[in-house]
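Protein chains: 2
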Amino acid sequence: MNPMPPSNVTSDVRMKGFASRTTVDEAVAWIDAQLPNFSKLPTEEVSLLESRGLILAADVVSRVNVPGFDRSMMDGFALSATETYGATPYNPLPFKIVGTSFPGAPFSGTLFPGQTVCIMTGAPMPNGANAVLPVEKTERQGDSLLAMAEVSAGKHVGAVGEDVHRGSTLLSARRVLRPQDIGVLSSIGCNNAVVVRKPRVGILITGNELLPCGTAPKGYQITDANGPMLHALVKRDGGQPVMPGLVPDDRESLLAAMASMSESADILLVSGGSSVGQDDHAPQLVATHGLLAIHGIAMRPSSPAGMGLFNNRLVFLLPGNPVSCLCAYDFFAGRAIRALSGRSVDWPYLRVQAKLTRKLVSTVGRVDYARVKLIGNNAEPISISGASILTSTTSADGFVIVPANSEGYASETIIEVFLY
Amino acid sequence: MNPMPPSNVTSDVRMKGFASRTTVDEAVAWIDAQLPNFSKLPTEEVSLLESRGLILAADVVSRVNVPGFDRSMMDGFALSATETYGATPYNPLPFKIVGTSFPGAPFSGTLFPGQTVCIMTGAPMPNGANAVLPVEKTERQGDSLLAMAEVSAGKHVGAVGEDVHRGSTLLSARRVLRPQDIGVLSSIGCNNAVVVRKPRVGILITGNELLPCGTAPKGYQITDANGPMLHALVKRDGGQPVMPGLVPDDRESLLAAMASMSESADILLVSGGSSVGQDDHAPQLVATHGLLAIHGIAMRPSSPAGMGLFNNRLVFLLPGNPVSCLCAYDFFAGRAIRALSGRSVDWPYLRVQAKLTRKLVSTVGRVDYARVKLIGNNAEPISISGASILTSTTSADGFVIVPANSEGYASETIIEVFLY
Chain A
1234 MNPMPPSNVT
1244 SDVRMKGFAS
1254 RTTVDEAVAW
1264 IDAQLPNFSK
1274 LPTEEVSLLE
1284 SRGLILAADV
1294 VSRVNVPGFD
1304 RSMMDGFALS
1314 ATETYGATPY
1324 NPLPFKIVGT
1334 SFPGAPFSGT
1344 LFPGQTVCIM
1354 TGAPMPNGAN
1364 AVLPVEKTER
1374 QGDSLLAMAE
1384 VSAGKHVGAV
1394 GEDVHRGSTL
1404 LSARRVLRPQ
1414 DIGVLSSIGC
1424 NNAVVVRKPR
1434 VGILITGNEL
1444 LPCGTAPKGY
1454 QITDANGPML
1464 HALVKRDGGQ
1474 PVMPGLVPDD
1484 RESLLAAMAS
1494 MSESADILLV
1504 SGGSSVGQDD
1514 HAPQLVATHG
1524 LLAIHGIAMR
1534 PSSPAGMGLF
1544 NNRLVFLLPG
1554 NPVSCLCAYD
1564 FFAGRAIRAL
1574 SGRSVDWPYL
1584 RVQAKLTRKL
1594 VSTVGRVDYA
1604 RVKLIGNNAE
1614 PISISGASIL
1624 TSTTSADGFV
1634 IVPANSEGYA
1644 SETIIEVFLY
Chain B
1234 MNPMPPSNVT
1244 SDVRMKGFAS
1254 RTTVDEAVAW
1264 IDAQLPNFSK
1274 LPTEEVSLLE
1284 SRGLILAADV
1294 VSRVNVPGFD
1304 RSMMDGFALS
1314 ATETYGATPY
1324 NPLPFKIVGT
1334 SFPGAPFSGT
1344 LFPGQTVCIM
1354 TGAPMPNGAN
1364 AVLPVEKTER
1374 QGDSLLAMAE
1384 VSAGKHVGAV
1394 GEDVHRGSTL
1404 LSARRVLRPQ
1414 DIGVLSSIGC
1424 NNAVVVRKPR
1434 VGILITGNEL
1444 LPCGTAPKGY
1454 QITDANGPML
1464 HALVKRDGGQ
1474 PVMPGLVPDD
1484 RESLLAAMAS
1494 MSESADILLV
1504 SGGSSVGQDD
1514 HAPQLVATHG
1524 LLAIHGIAMR
1534 PSSPAGMGLF
1544 NNRLVFLLPG
1554 NPVSCLCAYD
1564 FFAGRAIRAL
1574 SGRSVDWPYL
1584 RVQAKLTRKL
1594 VSTVGRVDYA
1604 RVKLIGNNAE
1614 PISISGASIL
1624 TSTTSADGFV
1634 IVPANSEGYA
1644 SETIIEVFLY
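For the protein sequence lines, the chains are A and B, in the order given.
Under my numbering, think of the first position of the first sequence as 1234, with each following residue one higher.
Under my numbering, think of the first position of the second sequence as 1234, with each following residue one higher.
It should be emphasised that the hints constitute simulated quantities derived from the structure, not laboratory data.
All figures in this text were calculated on a predicted structure; none of them were measured in a lab.
Keep in mind that a hint or two might mislead.
Same chains, same names: a pair is fine if it fits in one copy or spans any two.
Derived DMTMM-like pairs: lysine to aspartate or glutamate, alpha-carbon spacing no greater than 20 angstroms straight-line [as the list claims (entries may be wrong)]: (1) Lys1468 <-> Glu1283; (2) Lys1606 <-> Glu1395; (3) Lys1606 <-> Asp1630; (4) Lys1329 <-> Glu1496; (5) Lys1451 <-> Glu1395; (6) Lys1451 <-> Asp1303; (7) Lys1592 <-> Glu1496; (8) Lys1468 <-> Asp1579.
So here's chain A without its partners, still in its complex pose (with noise of 0.2 angstroms):
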């Protein structure tokens, strides 16, 4: 009937699989090599209140002193010490109240030989005051205090700069910014912080049987699963996802979104079209116009993932299915995205040990991601195959990581489980 090969017959190149496969150690290890030419992203200044987790781009050093006073630690009265010496609940020695002390209120005026002034946590100390009596050692009536302690100098008063000196370096370049790192840079006047921009991802997706965000799925059409999924992925590994369109399966089209996405990100996510075939045009896009350092990778799911340079930025080749896709994101893409987004590199899942209730069977030489479902303190693992079956991922609790060394786990092993 059809006595020639229809125009549409492909060639069998894409079926050639993999001459050889690099391993996950190995892969890993070429991030890391590569990662010290990729930190140094550009700084922006930012507000304090937008500012916790990212990167400090310099030494913050101080322009002032926090206190900018002497200021009392206790509750009790502003007085000089040595008029205190000898006070004893035997020996109660006067002292006339002449003001008080509030934050923010001080007593304006100075103290002369007698007197004392209350005063309240983090209070200003008033002139000729040197030491403040808890007001627990003294009694009180009206204006006349009794002071039933000794007080040496300095005693409960807290020091110009104790908290922040003028001139000392408060926080240091590259440190991620905390909570109270923000409270410490508000208390020196600043109202803004230089950090290191968050890493720009470009996410490029592409393959002709799919549909973009929001579109019901339809016909021979699936809609895109991997965009959206690695968008929050991306934010949560602190870097900044940037997501044109869904990008046509075609050389020209790939490789004019990778050239263009590469003036403007600094690490691209290419996924879809990532294996051997003819229709894989982004692993033969980085190997003509960048560097393609790993394709193919001893692993299951993921093994056509890839990465390497393109026009001077990491490129991850992530497979289109989307179990696959996610797997490849987690060990590779998003260890780079941590490294340069200042977090650490690990898996950023909780762990937990658990009993697996049946066995989990992998091969030697190959890393398996294996999803399991928890069941109190029991792993039940979920069908290891089907790498384009999401839902795996989303009835599992997490998943387990069976090395290459390993031929996998006999039922009742204590295993170790990431929970997503």
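Following the hints, position chain B against chain A.
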């Protein structure tokens, strides 16, 4: 010299101290008992791209199958399974290749006996085919194929709805959305998610000694550290901070600010004026206009912290001293905010074991929050006093909680450090 006490001499009210203190455990139990009353936050629709970490408001039932068609799970040849029966390498059976099915670009015809279609992973199955013979089990020459193995019906075919079944409940209400959930929601055609609105947290900062963030400290005034710090903490814990300017430190202004804020916020934080003096308006206002459930807590720092209800909102009274403020936030307010935002109520800090380099003294009956520096596996306590020294929390790597039933730890004790 001053025969009469000046008019600004305070009464001793402030100096009375707390008659008794609540334990930390009792305060936490009070919060936990309140939470069920406050977990019904309004729902809102947000873009999938903004939905990570939010709580799904209702079950999501899919109106579509994903995929909407049978698809190949392998690169290979789609054919009728019965026609492969008897095929082995020694008895190869011939087929005619009549087309190709790519993802999104299916073979449009129908297979007749003896025909096959070259098919890619993820591509639609052609009419007339019910199985895929993997490429490794074939030999091809031009448009002629030799099948070297049998396949059974349905083999290597992903059925309609294998990822998502139409009518199935995909994700349940109250689920905190993960990146892969967002992918799955996109795959069924969603552009938005209906989620529980983030808890709005009103941050009221009071204190006459304070200047607003962005102002250099001057004279006897200090610049607010607590506002920006609390803003960052609230965001960290999944809340939406609402922070007007500083609130003047008088009863009427604070009451008005609390009343106004309680109209829009779900939780109120009041920093400053939380103690028992005449200038500590917040507890009096909560007691008068709401319920001051707890005031004065057996802990150091933060003992003047309190909590209660105001205009049917949870209100947390945080001491103005910034370390106390941080500590009281983390022990109490943060717990409530994390619970309402769908997060774990536990401290959001990693924990490590470390050996104390010197003893850490505490008092039975009181919980201590002690900042420590980590040097390798050693924990070096930073002065436990000085709740006003916020830099004690920026120079620290974390903190140790000494429980109420402990007198502290001897040098060289292995303790648990919460890492900032």
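These are the hints, each one checked on the structure:
1. Lys1468 <-> Glu1283: So Lys1468 and Glu1283 pass the 20 angstroms test inside a copy (14 angstroms) and across (10 angstroms) alike.
2. Lys1606 <-> Glu1395: between (53 angstroms within a copy, 19 angstroms between copies)
3. Lys1606 <-> Asp1630: within (5 angstroms within a copy, 35 angstroms between copies)
4. Lys1329 <-> Glu1496: neither (74 angstroms within a copy, 48 angstroms between copies)
5. Lys1451 <-> Glu1395: between (67 angstroms within a copy, 16 angstroms between copies)
6. Lys1451 <-> Asp1303: between (73 angstroms within a copy, 13 angstroms between copies)
7. Lys1592 <-> Glu1496: Neither way: Lys1592 and Glu1496 sit 48 angstroms apart in one copy and 56 angstroms across, limit 20 angstroms.
8. Lys1468 <-> Asp1579: within (16 angstroms within a copy, 23 angstroms between copies)
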